[in-house]
Amino acid sequence: MSEVDTAGWTRKDLIGLEDLSRREIELILDTAPQFVEISKRESGIKKVPLLQGRLVVNWFFEPSTRTRASFELAAKRLSADTLAMSASTSSSTKGETLHDTLANIEAMHSDIVVIRHGHAGAARMLAERHSSQIINAGDGYHEHPTQGLLDAYTIREHVRKARRDPEAGLDGVRVAIIGDISYSRVARSNIWGLTKLGARVVVCGPSTLMPPGIEHMGCEATTDLREALSQADVVYVLRIQLERQQKALLPTLREYIRLFRVDRESLKAAPPHAIVMHPGPINRDIELASDVADGSRSVVLEQVSNGVAVRMAIMHLLVNSGKGWQKTED
Amino acid sequence: MSLVIANGHVIDPASGLSKTGDVLIEDGSVKAIGENVEGDDRLDAAGCVVCPGLVDIHVHFREPGFESKETIATGGQAAARGGFTSVVTMPNTDPAIDNAGLVDFVKRRAREGSPIKVWPSACATKERAGKQMTEMAEIREAGAVAVTDDGSDIESAWVLRRVLEYAAMCGLPYLAHCEDASLMEGGAMNEGFMSTRLGLPGLPKAMEEIRIDRNCRLAALTNSHVHIQHVSSAGGVAICRQAKAAGLPITCETAPHYWTLTDEAVMTHGANAKMNPPLREAADVEAVKEGLADGTIDCIATDHAPHTVTEKDVEVQLAPFGIVGLETSLALVLTELVEPGIITLEYALALMTSRAADILNLPAGRLHEGGPADITVFDPAAEWTVDPAVFASLGRNTPFTGRTLRGQVKATICDGRVAYQA
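Residue numbers (the working numbering), protein chains in the order written: chain A, 1 to 330; chain B, 1 to 422.
Chain A extracted, bound-state conformation (with noise of 0.2 Å):
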């Protein structure tokens, strides 16, 4: 493959896409297609040496499949070594404070962390205070930016062979995102994400779940289906929590169902289309019907492998540009 482009990154850390401006955000989204081709290479070597010989470690305190593989594959194909810590194998349950648990992998000379945790602004506090480039892989319900960026990157690529223009952006596109908004830090990502780059969100679900002021982050907000569905090109539906309905969120998944779920019925209301999205792991027929997970638009499985390529376009764009941000540093 040819060079790949860095020109025009200069942030250490990616902690959320409230941070990125649009330039940032195409810049990613560009970087990915020449990783989406290694991983479907001819040859069946889906390996470059970009990041030959350094060090991500992949720290997750919540449990994660899909993420925790998607980062570690994209580490490996880009040759780096890769180093798993889960909060079990951790010092978080010795007392050890995260700056001390940081510090100690830092002192192995890591190069990037990658870090899943439960709690909001558990990734900026390290970000500000440590030299290691660290990407946010979820913190608490605040944002998800690898999974705002894989999730844009995918709804791109179906906007274009839709319009048959390579150039194609998500100026105008509508997306739906259907579900729990509140505790959901795909949500955010995604609006933010998304509405930077001219896509017009709107977020639905039941009224329990959606945070106060949810419309000044640049997206509409409505408790109706049907409503949000009606002009959608783009259906998102977020996983509900099973445990919702014990704190008093949802009488019952039986009513979620009835109002929420998107299934045959449900979709009739969005245009033929509209294709359907989700961040996994699905709760099959809660918040998504088995037959519109499996069917013909659903684009689940893409979401899946683009998240490969752009987490290692993401990794790239960290490791190999100009490093404009060690000279703020003292």
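Hints listed in this document are in silico derivations from the structure and should not be mistaken for laboratory results.
From the three backbone atoms N, C-alpha and C, an ideal C-beta is built for every residue, glycine too.
Warning: the hint list may mix true and false statements.
Restricting the straight-line Cα-Cα distance to at most 35 Å, the calculated cross-link-like pairs of lysine-lysine (DSBU-like) are [as the list claims (entries may be wrong)]:
no., chain 1, residue 1, chain 2, residue 2
1, B, K126, B, K107
2, B, K131, B, K244
3, B, K126, B, K244
4, A, K161, A, K76
5, B, K126, A, K247
6, A, K247, B, K131
Over the 12 Å line for every Cβ pair with chain A, so calculated as not near, a few chain B residues [what the hints assert, rightly or not]:
no., residue
7, M1
8, P64
9, S156
10, R161
11, A181
12, A188
13, F193
14, P204
15, G371
16, R396
17, G416
18, A422
Model the placement of chain B on the given structure of chain A, informed by the hints.
Chain B only, in chain A's frame:
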């Protein structure tokens, strides 16, 4: 030995005195206020304000139990550095101050180590558990000036009713931390757009409003003095205003962070902008200022709540609530209330001296001949930048780091002795 504080702008809010002159101190008392007064020692106060020692009726000195956060000695030094000569300590220590022996302990530790006067409050219920009331008559005899379960509300209205009836009999005001904890749910900051944006669980204003309302109604039912602590929201101010208009026996306080910061500070200062009740929104800041200007809010307190750097140096959600306030309070009053003309200098000082003292009947907050020589001297024009590293408090947890303020304490005199001098 006598001391003259010379050529200062002498202000005694309670008597209306406000003129340039000298204050003569002898044997721990104010001997004379006048012009060209002679004494053994002389402290030049030209350009400075000379006022009664400031009074803060809401501080946490953490002793016994949490001496790495603050002790009565270090808290007293921080108070002196901030211009305070009288503070009321909260009883949520470990053990909680819920009997006369522990009240006595606090007073002893203050005598041994604090350069300023410490007036202990004691628990309203045993172990602050909200169930069984404390022996308030004996607690009063031991020297407590109020009862409170500060840090939490008393959940049961039935228990609180009896506490109020009994406290009134014992001559003790009740300090009410108003919070419906059932709405808390892990909340770490004000609930609103900022909590949505930061992905942090929110603390809705209704948490405080519901309980201010309930506690005011119980004050009416029992005809007992309830002092509402740390009012932070527009709704809270409005409920206090109504209750007062209806003649209920309530008073209330607010703290400097509620008229200077909004919940946006959580974004920049993280856990050092986390306290309970939390920083609210712009409309609430305005309402607090209005409440100060129209007399709804009776006094300014700091809710000085020190924690160790380590305890605060964690994820916002895991950090304890509270910020330090003693060493920034006066400057925040001068810079953010007096300078923009929201209240006058004299009235601001009333809220920090006589009016605060009167709420709990403290013999403090006044500057007159024959009275105790509790005096603060400050330069209202001196500019300084907040640097927690130089705080006398063990706590460094402030959201005001780096902020440039006007008004600096030059000397704090307590019972005629210099408790702090810049």
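Non-interface label on R161 (chain B), tested against every C-beta of chain A at 12 Å: holds (29 Å)
Distal placement of M1 (chain B) relative to chain A, Cβ over 12 Å: holds (51 Å)
Straight-line alpha-carbon gap K126 (chain B) to K247 (chain A), limit 35 Å: This hinted pair holds, its Cα atoms lying about 31 Å apart.
Least C-beta distance from R396 (chain B) to chain A larger than 12 Å: For R396 (chain B), whose nearest Cβ neighbour in chain A is about 16 Å away, the distance exceeds 12 Å, so it holds.
Minimum Cβ-Cβ distance from P64 (chain B) to chain A exceeds 12 Å: holds (23 Å)
Minimum Cβ-Cβ distance from P204 (chain B) to chain A exceeds 12 Å: Per Cβ check, P204 (chain B) is inside 12 Å of chain A; nearest 8 Å; violated.
Hinted pair K126 (chain B) and K107 (chain B), Cα distance within 35 Å: Measuring from Cα to Cα gives roughly 20 Å; hence the hint holds.
Exclusion check [A188 (chain B) not at the chain A interface, CB over 12 Å]: violated (8 Å)
Distance restraint between K126 (chain B) and K244 (chain B), which requires alpha-carbon spacing of 35 Å or less: holds (30 Å)
Agreement of K247 (chain A) and K131 (chain B) with the hint, judged by alpha carbon distance not exceeding 35 Å: holds (27 Å)
Agreement of K131 (chain B) and K244 (chain B) with the hint, judged by alpha carbon distance not exceeding 35 Å: Holds, at roughly 29 Å.
Beyond 12 Å from every chain A Cβ - status for A181 (chain B): Given that every Cβ of chain A is farther than 12 Å from that of A181 (chain B), nearest at about 15 Å, it holds.
Of the numbered hints stated above, those contradicted by the structure are hints 12, 13 and 14, listed in ascending order.
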